[in-house]
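Visitor: These are the residues of each chain, in order.
Protein chains: 2
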Amino acid sequence: MTITITAFERSPDGGMGLARDTRVRWALEEAGQPYEVRPVSFSAMKEPAHLAVHPFGQIPTYEESDLVLFESGAIVLHVASRHAGLLPDDANARVRAIAWMFAALNTVEPPILELVTVKFLEGDKPWSKDRLPLVVDRIRSRLAQLSARLGDADWLDGAFSAGDLMMVSVLLRLKPSGILNEFPGLAAYVARGEARPAYKRAFAAQLAFNTARPPAG
Amino acid sequence: MTITITAFERSPDGGMGLARDTRVRWALEEAGQPYEVRPVSFSAMKEPAHLAVHPFGQIPTYEESDLVLFESGAIVLHVASRHAGLLPDDANARVRAIAWMFAALNTVEPPILELVTVKFLEGDKPWSKDRLPLVVDRIRSRLAQLSARLGDADWLDGAFSAGDLMMVSVLLRLKPSGILNEFPGLAAYVARGEARPAYKRAFAAQLAFNTARPPAG
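As you go down the protein sequences, you meet chains A and B in turn. Under the UniProt record's numbering, the first residue of the first sequence is numbered 1, with each subsequent residue one higher. Under the UniProt record's numbering, the first residue of the second sequence is numbered 1, with each subsequent residue one higher.
One chain only, chain A, in its complex shape (with noise of 0.2 Å):
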């Protein structure tokens, strides 16, 4: 049974790992999956073969024989469902690192998604500079109140889990803005994250992979 994802021919972050094939790659190195990536055009996401498969025209897919799949949540999901390392045995531990993946992508991610509006999307209005800090101020009251709840644990909810695996990916995004290190508790969570194995497996997978071509222009 081959498991094929796909992702960015080229990563417009340059292979920084930020792209949300990431986070498909890391699920899969946990679980000890081998898989296959597919490149897609920025082109190509937009015509009818890859609408098939992803009907908002984005990366990653994961295919595996008859199951076709879209969105990284779903996919990190399915992937820690069917193998080890990623859920807890325990069925309520079970439900709460799940519901820590959905707090990922829809209680942080949205405020720190806002930042690539203003300051890329909207980084030519007259409003952007303006806005900049307001934003930033709703990233900083979401990671207060994580960074609360962590604590001085390990992980957010005894060992290692899906959960961490989705907030760690949501909170890199933040490692350019600096803003991160103003909460250290946050920082060395994510250090953590970076420290696993098979997290440094999948960065190395998709670096090599976005350098493996000369790039665009």
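What the hints contain is simulated information worked out from the structure, not anything from laboratory work. Some hints could be false.
[Said to hold, decoys possible] With beta-carbon atoms standing in for the labels, derived distance ranges:
#1 A:S43 to B:G32: 24 to 30 Å
#2 A:E47 to B:A153: 44 to 50 Å
#3 B:L113 to A:K46: 47 to 53 Å
#4 B:P197 to A:S43: 22 to 28 Å
#5 B:G158 to A:P133: 17 to 23 Å
#6 A:V116 to B:P133: 15 to 21 Å
#7 A:S141 to B:P197: 34 to 40 Å
#8 A:G178 to B:F120: 48 to 54 Å
Every residue, glycine too, gets a C-beta built ideally from N, C-alpha and C.
Could you slot chain B onto chain A? The hints should help.
Guide: Below, chain B without anything else, positioned relative to chain A:
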């Protein structure tokens, strides 16, 4: 076994059903599970007792004997996993229904929530008026893709599922804006959701809850 959820003591929408407890009420109604509701005031939401249940100080939460959960996506998935009526039996179809839940929460809802940011949180800012069309255009892009995928089907992937429950709930947030009417297929899809007896019971329950006490001030 008693299920207890939390809801706003007084919902900011005054009972329009747009607060996230409605999604959980709807799922519980589809699953035929009785539940109790504990109101939480805005000030109590930021107190240690509630933060112990919901680290981000929001509603809804879910308590069922010794399981304590937050994040409406996780709660709906938990209810759907435990009871019939919200997820298909076929393993692959089940995973795809869950993917639509993630798509609703992580791909479709974030641009929709920006409408709240631009209209209310930043409604008094000088850029609010000029920024609104950009936010609306981003919503339109997502809706066009969703509408193309739905086509003439009643639901996103076969029979009604938790994925539809979440997608309809997210799209309902657009009703006051009128944007939904630009996509008749999606407007009809939302109307099909609203017509479900379980949704009607959930809506009526939250309305009664929000109008049972005199308005604040």
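Visitor: For every hint, state whether the structure bears it out.
Guide: Okay, the hints, checked on the actual structure:
no., hint, result
1, A:S43 to B:G32: 24 to 30 Å, "violated (48 Å)"
2, A:E47 to B:A153: 44 to 50 Å, "violated (22 Å)"
3, B:L113 to A:K46: 47 to 53 Å, "violated (24 Å)"
4, B:P197 to A:S43: 22 to 28 Å, "violated (46 Å)"
5, B:G158 to A:P133: 17 to 23 Å, "violated (47 Å)"
6, A:V116 to B:P133: 15 to 21 Å, "holds (19 Å)"
7, A:S141 to B:P197: 34 to 40 Å, "holds (39 Å)"
8, A:G178 to B:F120: 48 to 54 Å, "violated (29 Å)"
Checked against the numbered hints given earlier, this structure breaks hints 1, 2, 3, 4, 5, 8; the rest are met.
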